[in-house]
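For the record, the sequence lines run as chains A and B.
Add 5 to a position in the first sequence, counting from 1, and you land on the number used in our numbering.
Add 5 to a position in the second sequence, counting from 1, and you land on the number used in our numbering.
Wrong hints could be hidden among the right ones.
Derived lysine to any residue pairs resembling SDA-like cross-links, with alpha carbons at most 20 Å apart [claimed, not checked]:
id : chain 1 : residue 1 : chain 2 : residue 2
1  : A       : 288       : B       : 271
2  : B       : 56        : A       : 261
3  : A       : 40        : B       : 238
4  : A       : 180       : B       : 76
5  : A       : 56        : B       : 271
6  : A       : 261       : B       : 179
7  : A       : 56        : B       : 179
8  : B       : 40        : B       : 270
9  : B       : 261       : A       : 288
Quick list of the computed label-pair ranges, beta carbon to beta carbon [claimed, not checked]:
id : chain 1 : residue 1 : chain 2 : residue 2 : range
10 : A       : 80        : B       : 125       : 42 to 50 Å
11 : A       : 156       : B       : 291       : 48 to 56 Å
12 : B       : 145       : A       : 182       : 52 to 60 Å
Keep in mind that the hints were calculated from the coordinates and are not lab data.
In this text, a Cβ means the ideal position worked out from N, Cα and C, and glycines have one as well.
Here is how the chains run, residue by residue.
2 protein chains.
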Amino acid sequence: MISKENIATGYQQIQDEICAALESLDGKGHFEEEKWERDGGGGGRTRIIQKGNIFEKGGVNFSAVHGQLPESIKKALKVEQDDFFATGISIVIHPNHPMVPIIHMNIRYFEMPSSFGAGSEPVRWFGGGIDLTPHYVIADDARYFHAYLKSVCDKFYPDFYHRFKLWADDYFFIKHRNETRGIGGIFYDRLTASDDLTWDAIFEFSKALGRSFIPIYTELVNRNREKEFTEEQQFWQYQRRSRYTEFNLVYDAGTKFGLETNGRIESILMSLPPTAKWVYNYKAEPGSEEEQTLSLLKKGINWV
Amino acid sequence: MISKENIATGYQQIQDEICAALESLDGKGHFEEEKWERDGGGGGRTRIIQKGNIFEKGGVNFSAVHGQLPESIKKALKVEQDDFFATGISIVIHPNHPMVPIIHMNIRYFEMPSSFGAGSEPVRWFGGGIDLTPHYVIADDARYFHAYLKSVCDKFYPDFYHRFKLWADDYFFIKHRNETRGIGGIFYDRLTASDDLTWDAIFEFSKALGRSFIPIYTELVNRNREKEFTEEQQFWQYQRRSRYTEFNLVYDAGTKFGLETNGRIESILMSLPPTAKWVYNYKAEPGSEEEQTLSLLKKGINWV
């Protein structure tokens with residue numbers, strides 16, 4: 006089994022690749038980096054791009070933190086141990102163009118010492134996912150996105166796509182709005198080795214997912230970046246971003262974990278949009294593109 | 006002891022008075038009313054003003070709901086009973102002018118049947134508060150606001166202001182930012198009758214607080230509405246609104262109660278701002294008005 010240091014190093018390399026490719030795709034914006042240290046142990050490299058040609062605000066964050074879990078997190082994770090190590094990459098991109106989707110990607114690894122004492126294998130798992138939040142759902146793009154994810158999953162395990170797609174539908178759900186955050190994608194957590202899945206294979210899957218981010222998003226950006234759009238469509242984009250904010254502040258487990266483990270606030274909340282609008286009781290016009298999009302923010306749509 | 010029907014009727018009347026006065030103060034905007042019914046029992050009158058001269062978005066909501074408490078709320082309230090009745094007024098106003106403060110007022114009453122069976126007194130309490138969130142803290146306005154609240158409190162009980170001011174400092178606190186939502190005000194919960202405080206007096210206090218809203222906010226609006234302001238100041242206003250959003254979605258007990266008791270979403274989330282902006286790692290310039298404001302978003306400032 007590969008060490009936690011190797012995993013962190015592998016993730017850092019993916020962060021470098023993604024930032025370079027996004028800068029090249031944008032053509033104007035540059036990432037600013039902030040290296041930070043966590044009081045309880047570890048730290049990270051927060052990289053933020055703002056006011057680009059395409060990327061109004063985006064973050065590509067790497068962190069590798071360790072220390073003591075607070076009681077609330079131990080309860081949530083149903084674990085007894087205090088010590089933890091966690092490393093991962095988290096990405097959220099808010100484009101300025103309403104036809105270019107918001108995208109989120111996360112790959113992560115978590116480890117704790119065995120509760121059976123020294124010499125025993127540590128408790129560990131991988132988690133992650135990619136999901137897409139189009140302001141306007143474009144069926145061809147949604148099919149492309151899900152087909153790409155399926156092709157990545159299928160290289161590693163036959164039922165990964167099916168299981169993790171359902172998991173994303175359930176996870177990226179705004180209960181109080183009764184709508185999904187977007188068109189989903191894949192989400193998995195606590196993935197561990199088994200008879201037919203080695204730790205190495207899971208790590209390779211995690212990296213393959215991380216490396217699928219650039220080809221996927223490059224395609225979706227290039228398909229849509231030159232389209233004309235109206236002020237009304239931009240207004241709708243800002244309203245959709247308000248739903249994104251609601252999800253992240255009310256439900257997102259990563260955000261909660263960050264806030265409760267005393268994480269670096271600006272790194273955790275980089276996911277929030279540059280501008281969001283809340284309009285009281287907004288109703289999309291019957292037959293409009295906006296209404297069409299709302300009708301597709303449901304669980305259980307098969308895009309492949 | 007006055008009945009729950011009387012309390013609800015008293016609150017409805019205050020809602021009417023406040024809406025009429027705010028329309029007159031604004032001079033342009035009008036409240037739109039939505040009467041709604043809750044699936045589990047009861048309902049309300051949501052009244053929203055948008056795009057006024059002064060009020061960019063505001064809600065003055067009345068509700069009187071009853072039914073069965075979900076398990077999560079029973080735990081949070083530390084009660085055993087299932088049946089509940091709750092009535093109240095909730096107000097949040099987002100002005101379009103950065104020098105006019107955001108204001109929030111809530112008065113509420115909660116009742117459950119006694120766990121000792123029929124014939125016993127019900128379990129009941131009052132709660133409420135007013136707090137002010139200036140985008141720019143103006144010391145004179147802050148003193149006026151707190152002095153007015155103290156004068157209302159002092160009519161009913163000697164230590165109300167002192168206790169409820171501390172409570173507001175603790176309640177309206179954005180833990181992950183280590184800053185208060187604004188300059189506080191008063192907040193109280195589970196206020197019950199005692200030897201030297203009758204139920205009637207508590208109800209009268211609740212109504213007096215509700216009726217203090219208009220004189221207080223009229224004064225604060227009129228002091229500031231004609232001031233010139235810059236684009237930068239408006240930008241700062243939108244950033245402060247993002248903190249308001251964070252508080253309401255992450256910490257506010259009323260919002261949580263609403264979401265978990267299957268309340269009407271658009272009524273609960275009317276508190277969210279028309280436009281909010283999240284800027285990565287914004288730092289106020291040393292010596293600026295913005296930095297001055299941040300330095301005053303602390304607990305324990307004595308404004309009286």
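For each hint, the structure was consulted:
no.: 1; hint: A/288 / B/271; verdict: holds, 11 Å
no.: 2; hint: B/56 / A/261; verdict: violated, 34 Å
no.: 3; hint: A/40 / B/238; verdict: violated, 30 Å
no.: 4; hint: A/180 / B/76; verdict: holds, 17 Å
no.: 5; hint: A/56 / B/271; verdict: violated, 32 Å
no.: 6; hint: A/261 / B/179; verdict: holds, 14 Å
no.: 7; hint: A/56 / B/179; verdict: violated, 28 Å
no.: 8; hint: B/40 / B/270; verdict: holds, 13 Å
no.: 9; hint: B/261 / A/288; verdict: violated, 24 Å
no.: 10; hint: A/80 / B/125: 42 to 50 Å; verdict: violated, 36 Å
no.: 11; hint: A/156 / B/291: 48 to 56 Å; verdict: holds, 53 Å
no.: 12; hint: B/145 / A/182: 52 to 60 Å; verdict: violated, 42 Å
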